[in-house]
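K.L.:
Position 125 of the sequence shown, counted from 1, bears residue number 125 in full-length UniProt numbering, the numbering being contiguous throughout.
For the record, the hints were derived by calculation from the structure and aren't laboratory data.
You may find that some hints are simply not true.
[As the list claims (entries may be wrong)] When the alpha-carbon atoms are kept at most 16 angstroms apart in a straight line, the in silico EDC-like pairs for lysine to aspartate or glutamate are as follows:
#1 K105 to E133
#2 K80 to D55
#3 K134 to D97
#4 K92 to E70
#5 K80 to D97
[Unchecked claim] Now the in silico label distances, taken between C-beta atoms and shown as ranges:
#6 N76 to T44: 35 to 45 angstroms
#7 Y60 to T2: 26 to 36 angstroms
#8 G54 to A32: 11 to 21 angstroms
#9 T2 to H93: 17 to 27 angstroms
Bear in mind that the values here come from a model prediction, so they are computed numbers and not experimental data.
Think of the CB as a built atom: it goes at the ideal place given N, C-alpha and C, for glycine as much as any other residue.
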Amino acid sequence: MTMKNFLTYVLLTTFVFYKIDAICIPTRLKFAVKIENALPHNTTDQLKFNCKSGDTDLGYHALNVGQSYEWSFCANFFGKTLYFCNFQWGTKHQSFDVFSKSTPKDCPHGVCKWVAMLDGFYSSNPNYYGYLEKVHDWL
Numbered sequence: 001m002t003m004k005n006f007l008t009y010v011l012l013t014t015f016v017f018y019k020i021d022a023i024c025i026p027t028r029l030k031f032a033v034k035i036e037n038a039l040p041h042n043t044t045d046q047l048k049f050n051c052k053s054g055d056t057d058l059g060y061h062a063l064n065v066g067q068s069y070e071w072s073f074c075a076n077f078f079g080k081t082l083y084f085c086n087f088q089w090g091t092k093h094q095s096f097d098v099f100s101k102s103t104p105k106d107c108p109h110g111v112c113k114w115v116a117m118l119d120g121f122y123s124s125n126p127n128y129y130g131y132l133e134k135v136h137d138w139l
């Protein structure tokens, strides 16, 4: 194999894998993350947070009680997609991965739901649709 053929092969292979990674198959690789503020109605503090992945910063958000924020994305074909969020509510805070390569099994119907409550964060339970289970305490 000549150097020219080798370089062509490397470039084509890289391009193909890049395109495969960019393909979003709705039934398999498309997900959404939903953050809900279910804190007590008598609170004046908003749920504030910033969520990021390795290449995307979703910015800072502030939710009043009863509000939610949602975004969707195509997971990396090779299972390397990671989104994490830093949360603050008054003097309390918490940081955790809201989506990672192990998360899809915990996202009923492709939606990873996180609910902020008085005692911490709850997530959808894949075994019982509509049921939430506590995952993280406030710090």
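K.L.:
Please go over all the hints and tell whether each is borne out by the structure.
P.N.:
Hints, verified against the model:
Restraint check: the Cα-Cα separation between K105 and E133 comes to about 15 angstroms, which is no more than 16 angstroms; the hinted pair holds. In summary, the hint linking K80 to D55 is supported, as the alpha carbons are separated by about 12 angstroms, within the 16 angstroms threshold. A threshold of 16 angstroms between alpha carbons decides the hint, and for K134 with D97 the separation of about 15 angstroms falls inside it, so the pair holds. The straight-line distance between the Cα atoms of K92 and E70 is roughly 22 angstroms, outside the 16 angstroms bound, and the hint therefore fails.
With a C-alpha separation of about 13 angstroms, the suggested pair K80 and D97 falls inside the 16 angstroms cut-off, and the hint holds. Checked against the given bound of 35 to 45 angstroms, the beta carbons of N76 and T44, roughly 40 angstroms apart, stay inside it. The given range of 26 to 36 angstroms is broken by Y60 and T2, whose C-beta atoms sit roughly 53 angstroms from each other. Checking the proposed 11 to 21 angstroms range against G54 and A32 shows it holds: the Cβ atoms sit about 19 angstroms from each other.
At roughly 58 angstroms, the beta carbons of T2 and H93 sit outside the given window of 17 to 27 angstroms.
The structure does not agree with the numbered hints 4, 7 and 9 stated previously, though it agrees with the rest.
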